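Protein chains in written order, with the numbering used here: chain A, 1 to 122; chain B, 123 to 570; chain C, 571 to 1087.
Since the hints were derived computationally from the structure, they do not count as laboratory data.
Calculated pairs, SDA-like style, for lysine to any residue (alpha carbon to alpha carbon, straight line, at most 20 Å):
| id | chain 1 | residue 1 | chain 2 | residue 2 |
| --- | --- | --- | --- | --- |
| 1 | C | LYS631 | B | GLU467 |
| 2 | C | LYS1071 | B | GLU404 |
| 3 | B | LYS302 | C | ILE770 |
| 4 | A | LYS42 | B | GLY352 |
| 5 | C | LYS791 | C | HIS824 |
| 6 | B | LYS523 | B | ASP557 |
| 7 | A | LYS57 | C | VAL1073 |
| 8 | A | LYS57 | C | HIS1014 |
| 9 | B | LYS297 | C | ARG752 |
| 10 | C | LYS1027 | B | ALA138 |
| 11 | C | LYS746 | C | LYS912 |
| 12 | A | LYS115 | A | LEU105 |
| 13 | B | LYS297 | C | GLY910 |
Please read all numbers here as calculations on a predicted model, not as lab measurements.
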Amino acid sequence: MRFSKDHEWVRVEGGVATVGITTYAQEQLGDVVFVELPAVGKKVKAGEEAAVVESVKAASEVYAPISGEVTEVNSALADTPALVNEDAEGKGWFMKLKLADAKELDALMDAAAYKTYTEGLH
Amino acid sequence: MRYLPLTPDDRREMLAAIGAASVRDLFKDVPAKVWQSKPVDLPMHLGEIEVDRALSAMAARNIPSGQVPSFLGAGAYKHHVPSAVDHLIQRGEFLTAYTPYQPEIAQGTLQMLFEFQTQVALITGMDVANASMYDGSTATAEAVMMAGRVTRRNRAVLSGGLHPQYRAIVETHGKYGGFKVESLAPDPDGKEDAAARLGDDVSCVVVQYPSFFGHVRDLKPLAEACHAKGALLVVVTTEIVSLGALESPGAMGADIVAAEGQSIGNGLNYGGPYVGLFATREKFVRQMPGRLSGQTVDADGRRGWVLTLSTREQHIRREKATSNICTNAGLCALAFCIHMTLLGEAGLKRLAAINHAKAVQLADKLAGVPGLSVVNKSFFNEFTVRLPKPAAGIVERLAAKRILAGVPVSRLLPGDAALANLLLVAATETNTDRDMDALVAALREDLR
Amino acid sequence: MSDWSKAVSAGFKADGTGPTGSRGLQMEEALSFEQDAPGRTGVDLPEPPTVKDRLGGLARKGAIGLPGLSEPQVVRHFTRLSQKNYAIDAGLYPLGSCTMKHNPRLNEKMARLAGFGDLHPLAPESAVQGALELLDQLAHWLKTLTNMPAVALSPAAGAHGELCGMLCIKAALEAKGENRHRVLVPESAHGTNPATAAAIGFTVEAVPAQANGKVDVAAFKAKLGPDVAAIMITNPNTCGIFETEISALADAVHAIGGYLYCDGANFNAIVGRVRPGDLGVDAMHINLHKTFSTPHGGGGPGSGPVVLSAALAPYAPLPLTVHGKDGFRVIETPQASGEGSKALGRLKVFHGQMGMFVRALAYMMSHGADGLAQVAEDAVLNANYVLARCKDVMTPAFPGYCMHEALFDDRFLKDTGVTTLDFAKALIDAGYHPMTVYFPLIVHGAMLVEPTETESKDALDAFIATLRALAEKAKTDAQHFADAPRLTPRRRLDETGAARKPVLRWRPETVQKQAAE
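Please model the complete structure; the sequences and the hints are all you need to start from.
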């Protein structure tokens, strides 16, 4: 699993990247009430806005940590946005991307680096 | 000064507590060269008697609709407002409260708004409505912008039956907001084919129901044509009482309804404040502008209401908000809500039936005036008549006789010879047979 | 049939609440929809004349779904609802940046004069000369108080006025053939500023504030360039501080061919003492519901006239009131030449919020030039008094005097377990509407207190005593704050639940059940 500075995570399996927001990000947001997901088939570039996550008091853009084409979105979030709070890095995933360039992953942090990064934010 | 409680002693004591020598010290950040040490060049303060006298004198130079036979409409209508409405909206707890940001001490406003939203949704035949907009005209502009967000398209088609000032507002927003507006030619006969203007880039067709010229047309075919092309149908209603007698826009396939709610609970007020009604389908609710009151429970499990889905709004989304608007028309929405509650199902339907019947009677009487013809086959409480000479002059001459005959179409659409002789005439429950006879007699005389 | 009867339980609850849930003067009240009896109505309208309908075959079929209530029920319903609201009439309402001052009742009476309240907006000019005179008078007062040459009256509220002012800037730039797209906004700005600029296609850039809460003129200057259309600034700013350097900022933006927009939300602090036109402002909206006391009405209606510099005046939207040979005239449609020919278009139907204009003019005439200057002074004095008397137990966000509002941060709550929100909720139990909280965003746990000039010293002393007592209590009894409010018609409400599963309207029970299944 790799992490971005904007608090997204990516897990790659067989050329397909699953993307979500980190446990740290959901803690900062508080209770998630709505997630706006991209259309399947949409092509996103790394760093582009791909989704929006809303809590009662805030709305945050979710940026694609890597480039690719959206192949699937987590439709369970429509009815149960709380999944993002309960299991941000598991059942609370946002979308799956067909990886455009695996080398982009190198620019992202590993778990240890991300942990150090978030600790530095306080 | 009767509104300022501090006494000179208070001010001295307070300055001492602050540790400032003078009030001017508190303004030390204000450079001396811009400080007005003397009162600006305006009159000094006045008591209630003097202010009342001066403003009453101004008011007396106007002709209120209630004091003369009046048939003015074109987006603002003279209706009777029950006495209880004005009493209740002047209760200080409603009048002098702010936006219900602290829900524990604003349940009155929040519950009222929830009832208001329900009323608006029911009357328009839509799933959800917001807690009101500035007025019908700005609600219309917001509807067009919302259609752009929903469809991600950027051309709006405006019917020639849309109120010309509403049209001008949408055009202004389009010009500076980066979307195209195609305004169809004025449609006094109610025969335009707006569906013919649909294309792959059209976000919405905006049509008024009843139209500016009074026509009532079935919108189902237009709704189907819009949906077939991926566009939304925006229905504008400037006389909300009409929906007590007419099929609702929602039932005909409208995607957004933007309406003026002035007719219920609110006076003419020379054009404002009024109350914008805004309703849409459930699936578009997160693209809807404006405040929303939503039902929830409190810490003890009791039912209550809060402002909700506020992440759409400017104070959170800033430059990504659905709209820059941050207020609604709270007190006017309250007046609407109270009047509608007084009317109820039976009252609204009867009020609408009376309005329509009065208009039918007036149309028949006017049709008997030599040289005058009624343009409309269908209408609710307002219709267009064609006169043998320019309507504007006739209206001025009748006003001199203290009859407000109607709104000349040329006032809002000047410079078009084909429209110069058209007059919009409205009748409501406030018009008596005697009013109508006075209008007919005055027109006969003027046209002789 | 009433669903409401089912809500009535058999006996008293443990806390002494009666069978209806009401407690003393706190009356439980069902929705109007739950008090329905079919056919009942609160109006007596005559039988309509019999005519053959001309509704084009579109007569409504079936029920609308509105409930039937009689007048006594309706009056009681809304009276009970009103009693669940806090209001200025009930107590001090220190909501910063909202200027919750007393709303004089003379204003209400004047707005209801038939000549204003029952006047049709499209009545012929000869029938509305008094109304046009009122518009002209109001414009004269606003122009004189701001030392600005023109005013557009039609915007419906502050945000609408902002839109109007920024559109005037855009129109003026277009007339010069310039395509400038950047707008600079301080970080502390109210959310409407960036929302407005973005809505009309400008790119918004936030500029950080200095440590003293004022704009950083050097930072602004560094960002200025030929592609900057405008700077939007609030003065006094959202931290309650007068921007001393505003004239320098005006000069700088004018030098590169841009304009200075001023958010006039806080005009109350300087009315009668400082004229924005003297500061180099090109456009400023004035919230009549703030400075000029038109009632907030539970969230509107507002009114947001925009004063304009000579450079922007020609672009003001329609309609315009002008002096003609035989009295006043209205220009309400596009003109080929002369006055109004450069108008940017139209923003609102008819002539603006006339009912608010009458109230605002009544307020201005009542105060006069002398009284308005006193308004600014007393507003600033009251805020500074609260600041001075609380600064040893609460933590002011910035040192020194404030203008019309005192801004605190949450440092004084550090390690208490009490948040700004908790503090606000505890204030409710003590009988006050909370101050504005968490705004401006640049101050941590912000509490923005604006007492306004219409509070007496006694009222302020009582409020100060309450703030001090709460600040003290926070050190030892966090639970008191976490549980607050306890004494209100409702306790804290589940906002997360409301947003996750929005219920935005009432539906009949049968429909609700179907939906649940």
